[in-house]
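Dock chain H against the given chain R, drawing on the hints supplied.
There are 2 protein chains.
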Amino acid sequence: MRAFKNDSFLRAIWRQPVVKTPVWMMRQAGRYLPEYRALRQKAGSFMQLCKTPELASEITLQPLARFPLDAAILFSDILTIPDAMGLGLSFKEGEGPIFAHPLRSEHDIARLRVPTPEVDLAYVLDAIRLTQKNLARQVPLIGFCGSPWTLATYMVEGCANKSFPRIQALRQGDPKLLHTLLDVLAKSVSAHLNAQIRAGVNAVMIFDTWGGMLNTADYQIFSLYYVKQVITHLLTQHEGSPIPVILFTKGGGQWLELMAATGCHVLGIDCQTDLNDARLRVGDKVALQGNLDPAILLESPERIRAAVAKTLSAFGKKPGHIFNLGHGVPQQVLPEHVAVLVDAVHELSEKQIPL
Amino acid sequence: MRAFKNDSFLRAIWRQPVVKTPVWMMRQAGRYLPEYRALRQKAGSFMQLCKTPELASEITLQPLARFPLDAAILFSDILTIPDAMGLGLSFKEGEGPIFAHPLRSEHDIARLRVPTPEVDLAYVLDAIRLTQKNLARQVPLIGFCGSPWTLATYMVEGCANKSFPRIQALRQGDPKLLHTLLDVLAKSVSAHLNAQIRAGVNAVMIFDTWGGMLNTADYQIFSLYYVKQVITHLLTQHEGSPIPVILFTKGGGQWLELMAATGCHVLGIDCQTDLNDARLRVGDKVALQGNLDPAILLESPERIRAAVAKTLSAFGKKPGHIFNLGHGVPQQVLPEHVAVLVDAVHELSEKQIPL
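If you're matching them up, the sequences are chains R and H in order.
Numbering-wise, my numbering comes out as the position in the first sequence, counting from 1, plus 13.
Numbering-wise, my numbering comes out as the position in the second sequence, counting from 1, plus 13.
Looking at chain R on its own, in the form it has when it is part of the complex (with noise of 0.2 Å):
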């Protein structure tokens, strides 16, 4: 297998040192670069964005052309395997997402099956393979599916509704049907995470939306439990390169070390957690990706550089850093900003400045 050009990413991933701290940011491609707004005009809809991959494979790379990032992540959305077990996935503009089929009753999830994803999601492997191609290995693709939980939260939601409440009443209701479609969900997101690492995907990522609204017991019974089940159904390696998985739960910082205890590689830190604090708490066990706040790409390239400096400083001169945002970029950001923060990055922690 050939090498990356650049693979600090991975080797901040394997806490090996590195010369600069690798930096991507979630919604790195996305409404933020006027080249993504004129894609999602032309296309017409979201889906059909990601339905395409030759658009899919073009977004993923438009941010990589203007900032040195060190991964690109693939222009994907992780309610595609909701899709393709026939619940009718839409966008509307600024609502967020909508099924046309959301999960109603007993039989609505009696009958949901484990997608093929060669078959039913072949869309986003033909676009991991473009985009490698188009890649050339000049940094590391990340591949990336939602938790069972969050996954069940919008399906059975049907929108995204943060009061969550017929997920809620399920949970109470009839926690053996929650259980019966979380367990297809987890066999779902490991199939589409594998088949996603044999179309050449460097690294995968699963995002636990909606874990950090569940009580401790049970975000352990209902969201980890399965993160746990998908993990250990992972391809470990892929033509004798490993496969990292990163796992981030939004607002999970005080669940860091059962996080720890899943099998995952990386933990995604989110703003209300103190990467100081992270490192302490979970060791050499894992690398740490975070936690800079997205709202600071709002302010001046001053403050941002100064607030990249505290971050960097936060962490500390150890192996096992990936500098990312908290949460996604907003989409009011500058590009010129989120050239600012990558050099920052990069800059800084050449020069290990000290806060």
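Hint data in this document are derived by calculation from the structure and do not stem from the laboratory.
Possibly wrong hints are sitting among the right ones.
Because identical chains share one entry, a pair is satisfied inside a single copy or across any pair of copies.
[What the hints assert, rightly or not] For lysine-lysine, the following DSBU-like pairs were computed, each having C-alpha atoms within a straight-line distance of at most 35 Å:
1. K364 <-> K189
2. K323 <-> K200
3. K64 <-> K175
4. K175 <-> K105
5. K330 <-> K263
6. K55 <-> K175
7. K55 <-> K331
8. K364 <-> K146
9. K189 <-> K330
10. K323 <-> K298
11. K330 <-> K105
12. K263 <-> K105
13. K189 <-> K323
Below, chain H alone, put in the same frame as chain R:
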């Protein structure tokens, strides 16, 4: 000063041994009680209830007539302070608070004045005096306020907008102006809490409902700093009795050590934080209040009892636990289920049944 018939709430706060773990619940007086809904309908508006001492006092005592609770909490609202500052508070059924005059300019902030509680919030103080008379020292009465950051968030947004666009823009665009606002709010909150103490409450609680949205650094700068200012200016005793301070930051489980260093005496613990972890982290510095998931109240009596046993067991046999929910009682809860919870806390803690 006369003793309470039941002082287990205060004993637990001072980490003295108790026969039974004391219990009260956030929103224990509220919509889940038919007698509350009847009064609410008669009064016509939520603010009418708050502003009529006889009604506020009656509502405060309603749950105590039903359940052997170990503390009462005044029926009121954290937004009475902004209302007293001229923002014009109202509540639309099912939609939460709305201000007729939200803060929209530097001028709006510059002209804010610290209210004089004895004049501008006299109805709260009258409700306290009346409630204490009716309570006849059965159990202690808790007063409360919102944190300066939480009040600022509502006042700048104008309503409960959970994506917080305006306060985030202010924090980034004009932090100095935001500090001006937080400063006047800190003074207003400590003045109002002190007035509540002089009117007779036996403990005060600070609700930092929206602190959890901030990153760790900003939480300290914009929320915790002003909470500390408030606590520093509070009367530490009244008529010979010390007045304890309870601090609750929703989503603040990762900051317990910081919160415990504010000078408060009790930390409210949310459902996302493990009670045993919390105790190990803050040690004997403060008592802990929490943290059963309110959703459990929608389950069966057997499961409520099992969950209570688990929560008691998570804290363990040490003194210093006040049983509560991780947030407020949901309106769909059956009053009979609340009875099950309160009885279970008392029975199981007295027997000290291990899990």
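Comparing the hints with the structure gives:
Taking the shortest alpha-carbon separations for K364 and K189, only the inter-copy value of 32 Å comes in at or below 35 Å, while the best intra-copy value is 54 Å. In the homo-oligomer, the alpha carbons of K323 and K200 lie at most 35 Å apart only across protomers (31 Å), although the nearest pairing inside one protomer, at 40 Å, exceeds that limit. Taking the shortest alpha-carbon separations for K64 and K175, both the intra-copy value of 27 Å and the inter-copy value of 32 Å come in at or below 35 Å. With identical chains, the CA atoms of K175 and K105 are at most 35 Å apart both within one copy (16 Å) and between copies (19 Å).
Taking the shortest Cα distances, K330 and K263 sit within 35 Å of each other both inside one copy (25 Å) and across copies (33 Å). In this homomeric assembly, K55 and K175 come within 35 Å of each other (Cα to Cα) both inside a single copy, at 31 Å, and across copies, at 32 Å. For the homomeric pair K55 and K331, neither the shortest alpha-carbon distance inside one copy (45 Å) nor that between copies (64 Å) is at most 35 Å. In the homo-oligomer, the alpha carbons of K364 and K146 lie at most 35 Å apart inside one protomer (34 Å), although the nearest pairing across protomers, at 67 Å, exceeds that limit.
In this assembly of identical chains, K189 and K330 lie within 35 Å of each other by CA distance solely across copies; the values are 33 Å between and 47 Å within a copy. Taking the closest pair of Cα atoms, K323 and K298 come within 35 Å of each other both inside a single copy (23 Å) and across two copies (29 Å). For the homomeric pair K330 and K105, neither the shortest alpha-carbon distance inside one copy (44 Å) nor that between copies (53 Å) is at most 35 Å. Taking CA atoms no more than 35 Å apart as the test, K263 paired with K105 passes in both settings, with 23 Å inside one copy and 31 Å between copies.
When the C-alpha separation of K189 and K323 is checked against a cutoff of 35 Å, the pair qualifies only between copies, where the shortest distance is 21 Å, while the shortest distance within a copy is 46 Å.
Going down the numbered hints, you'll see the structure goes against 7 and 11, while the others check out.
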